[in-house]
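There are 2 protein chains.
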Amino acid sequence: MEKLQNFDRLSLNQITTDRWSLREAVEGSVRAGIPWIAPWRNKVAEAGLAESRRYIRDAGLKVSSLCRGGYFPAATAAGRQERLDDNRRAVEEAAELGAEVLVLVCGPSADKDIATARQQVEEGIEQLIPHARAHGVKLGIEPLHPMYAAERSVIVTLGQANTLAEKFNAEDVGVVVDVFHVWWDPNLYSEIARAGDRIRGFHVSDWIVPVPDLLLGRGMMGDGVIELRRMRQAVEAAGYKGPIEVEIFNRAVWDTPGDEVLALMKERYLEHC
Amino acid sequence: MEKLQNFDRLSLNQITTDRWSLREAVEGSVRAGIPWIAPWRNKVAEAGLAESRRYIRDAGLKVSSLCRGGYFPAATAAGRQERLDDNRRAVEEAAELGAEVLVLVCGPSADKDIATARQQVEEGIEQLIPHARAHGVKLGIEPLHPMYAAERSVIVTLGQANTLAEKFNAEDVGVVVDVFHVWWDPNLYSEIARAGDRIRGFHVSDWIVPVPDLLLGRGMMGDGVIELRRMRQAVEAAGYKGPIEVEIFNRAVWDTPGDEVLALMKERYLEHC
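Heads up: the sequence lines are chains L and D, in that order.
Residue 1 is where the first sequence starts when you use full-length UniProt numbering, and the numbers rise one by one after that.
Residue 1 is where the second sequence starts when you use full-length UniProt numbering, and the numbers rise one by one after that.
There could be a bad hint or two in this list.
Which copy? The list can't say, so a pair holds if one copy fits it or any two copies do.
[Said to hold, decoys possible] Restricting the straight-line Cα-Cα distance to at most 25 Å, the calculated cross-link-like pairs of lysine to any residue (SDA-like) are:
id: 1; residue 1: K43; residue 2: A59
id: 2; residue 1: K112; residue 2: R268
id: 3; residue 1: K241; residue 2: Q81
id: 4; residue 1: K112; residue 2: K138
I should point out that these hints are in silico values taken from the structure, not numbers from a laboratory.
Put together the whole structure using the sequences plus the hints.
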């Protein structure tokens with residue numbers, strides 16, 4: 001299988017260098033020659049939206065995605081309306097930053113009734129679409145690993161994300177494939193093919209053995225068991241040629257100086273992705 | 001939905017009282033009026049097979065399952081043969097103990113090639129069937145939660161377990177439904193219906209929020225988010241009327257005196273299952 005030959009598609013998902021402010025992440029990306037960035041909303045808020053936009057544009061970086069919208073389910077109608085309002089702000093921020101996609105982490109159930117929560121996710125996306133379309137922002141449903149079903153996302157497989165996305169126009173709603181969340185799935189490759197031109201993002205990291213931590217246990221590419229290159233080539237075969245985000249939630253990575261993380265990330269990207 | 005009215009179907013999976021020897025677990029079950037037990041092979045080995053059989057029979061307990069066979073994939077043919085030999089011994093032990101089913105935890109991949117590992121699981125089961133049939137032992141494929149895909153089982157969904165089981169006669173190979181492993185699955189109820197008379201076991205515990213530990217984080221029924229009664233009634237609607245095993249891997253539960261655990265387990269069983 002062919003290796004990647006350059007860094008044209010490489011994107012720094014900002015969580016990978018969580019200690020850095022948005023400005024530091026922008027400057028670090030420029031130093032490292034990484035052309036894409038995926039900011040997080042909390043970091044954008046800290047820096048200010050207009051400032052964030054200016055840092056990114058002045059540095060000549062492109063924005064692969066904004067992390068994140070979602071969290072649609074809530075116990076009450078008022079709660080769901082609050083979530084929707086927040087998603088509308090996320091859409092506006094994505095548009096302002098020139099992000100190609102707003103990533104949706106769809107949220108957990110407010111109670112034991114996971115089926116109802118899934119219905120609320122569908123309703124939330126449906127209600128968000130007009131605003132997203134008006135702002136030229138595409139929505140990307142990111143299925144999360146099933147171990148986050150109770151706390152972060154009731155959307156847990158790529159098949160489920162595809163079924164949900166297919167209820168809407170492909171221009172409006174697609175899916176985001178993160179290797180950490182989906183690598184275990186026996187239907188993975190058929191669902192990647194099915195996703196086709198709805199794939200709005202591809203995130204890489206690795207699954208370390210043993211898993212050091214439920215949330216902060218993701219590994220640098222090459223440190224775990226995921227068939228990264230096979231998955232990258234599958235999303236390409238399905239039609240995705242866009243940016244490849246490195247998104248690593250890991251305390252040890254966060255404790256490493258950002259420039260070192262980016263250097264290692266570039267090396268592993270060519271070697272393993 | 002109707003509650004369970006008595007303890008006729010209640011089974012103590014021995015891991016729930018991991019500090020107890022087999023003899024202590026048998027005696028504790030008798031004290032608590034729990035009619036079924038699911039021993040673990042390491043505990044049977046400690047007590048001796050013939051002794052274990054005698055304890056259980058003398059106490060008048062029934063054996064819902066033996067935990068566990070499986071772990072089929074290995075890097076070499078010799079390694080896979082060793083695993084198969086061990087599975088044959090597990091079958092003999094299940095027969096000796098009068099277990100209704102040998103639970104199969106199918107094992108992780110020896111490398112990154114998870115597809116090949118899954119093929120090795122299928123081959124291992126196929127090779128084990130004649131021995132199991134000769135000993136009157138049914139095999140139950142237990143899909144494990146995807147968070148265990150790299151370390152314990154490449155079989156991670158009930159759908160995948162069903163597809164695998166359906167390659168063989170229903171008399172030989174079925175599936176085991178453990179709520180902790182499958183509750184998150186968007187296809188759960190259709191796959192329970194599909195499993196039908198292949199369901200060979202039903203295991204209960206709960207998914208605590210937040211998850212305290214990847215391996216030892218299961219909760220007592222009622223302490224988490226799983227729709228236990230809905231799932232129990234679904235397996236019954238599919239045709240399963242057999243024992244219901246309480247299987248809890250949890251350090252805090254293990255640190256509690258066994259008699260207290262069994263008392264709480266009985267209370268929660270009637271209240272939540």
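- Query: Is it within, between, both or neither when you check K241 against Q81 at 25 Å Cα-Cα?
  - Reply: Classified as neither: same-chain Cα gap 35 Å, cross-chain 44 Å, threshold 25 Å.
Practice item. Tell me, please, which holds for K43 and A59 at an alpha-carbon limit of 25 Å: within, between, both or neither? Key: Answer is within; shortest intra-copy Cα gap is 17 Å, inter-copy 64 Å.
- Which holds for K112 with R268 at a C-alpha limit of 25 Å: within a copy, between copies, both or neither? between (41 Å within a copy, 16 Å between copies)
Exercise. Between K112 and K138, at a C-alpha cutoff of 25 Å, which is it: within one copy, between copies, both, or neither?
Worked result: neither (31 Å within a copy, 34 Å between copies)
Hint compliance for this structure: hints 3 and 4 are broken, all remaining hints hold.
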